[in-house]
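A.B. asks: Sequence:
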Amino acid sequence: MMSQSSQRATVPDTLRSPRAKLVYLYLSTHGEATVAELQESLAMTKLTLYSILRTLQGEGLVGRDASSDRYSLV
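Residue numbering for the sequence shown is 114 to 187, as defined by my numbering.
Honestly, the hints are just simulated from the structure, not real lab data. You may find that some hints are simply not true.
Unchecked claim - Label-pair ranges, simulated between beta-carbon atoms:
id, residue 1, residue 2, range
1, G173, T142, 16 to 22 Å
2, S181, R129, 15 to 21 Å
3, R121, A179, 28 to 34 Å
4, A122, T168, 15 to 21 Å
5, D126, T147, 24 to 30 Å
6, E145, P125, 16 to 22 Å
7, D126, G176, 18 to 24 Å
8, D126, S180, 28 to 34 Å
9, A156, S180, 17 to 23 Å
10, K134, L160, 24 to 30 Å
11, S180, T123, 25 to 31 Å
Quantities reported herein were computed from a predicted structural model and do not represent experimental measurements. Every residue gets a Cβ at the ideal spot worked out from N, C-alpha and C, and that includes glycine.
Using the sequences provided together with the hints, build the complete structure.
C.D. replies: Take a look at the structure:
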């Protein structure tokens, strides 16, 4: 039997929204992403994503690189 190691991403307790948790987990596994990449991968509207990202930024969990317009965990 092969040994498998799995790494679990931890979601902050402050996140209550399932969609916010999904965005957080996506960024934790992919490192960074644009809104368009998030939209394509998570099947969410840009309006929803901007709202979630604004909330995550307000909580100090996500940052945005203005030069590349990419979001990542801080």
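A.B. asks: Evaluate each hint against the coordinates.
C.D. replies: Status of the hints after comparison with the structure:
{"no.": "1", "hint": "G173 / T142: 16 to 22 Å", "in the structure": "holds, 20 Å"}
{"no.": "2", "hint": "S181 / R129: 15 to 21 Å", "in the structure": "violated, 29 Å"}
{"no.": "3", "hint": "R121 / A179: 28 to 34 Å", "in the structure": "holds, 32 Å"}
{"no.": "4", "hint": "A122 / T168: 15 to 21 Å", "in the structure": "holds, 18 Å"}
{"no.": "5", "hint": "D126 / T147: 24 to 30 Å", "in the structure": "holds, 28 Å"}
{"no.": "6", "hint": "E145 / P125: 16 to 22 Å", "in the structure": "holds, 18 Å"}
{"no.": "7", "hint": "D126 / G176: 18 to 24 Å", "in the structure": "holds, 20 Å"}
{"no.": "8", "hint": "D126 / S180: 28 to 34 Å", "in the structure": "holds, 32 Å"}
{"no.": "9", "hint": "A156 / S180: 17 to 23 Å", "in the structure": "violated, 27 Å"}
{"no.": "10", "hint": "K134 / L160: 24 to 30 Å", "in the structure": "violated, 19 Å"}
{"no.": "11", "hint": "S180 / T123: 25 to 31 Å", "in the structure": "holds, 29 Å"}
Taken one by one, the earlier hints fail for this structure at numbers 2, 9, 10, listed in ascending order.
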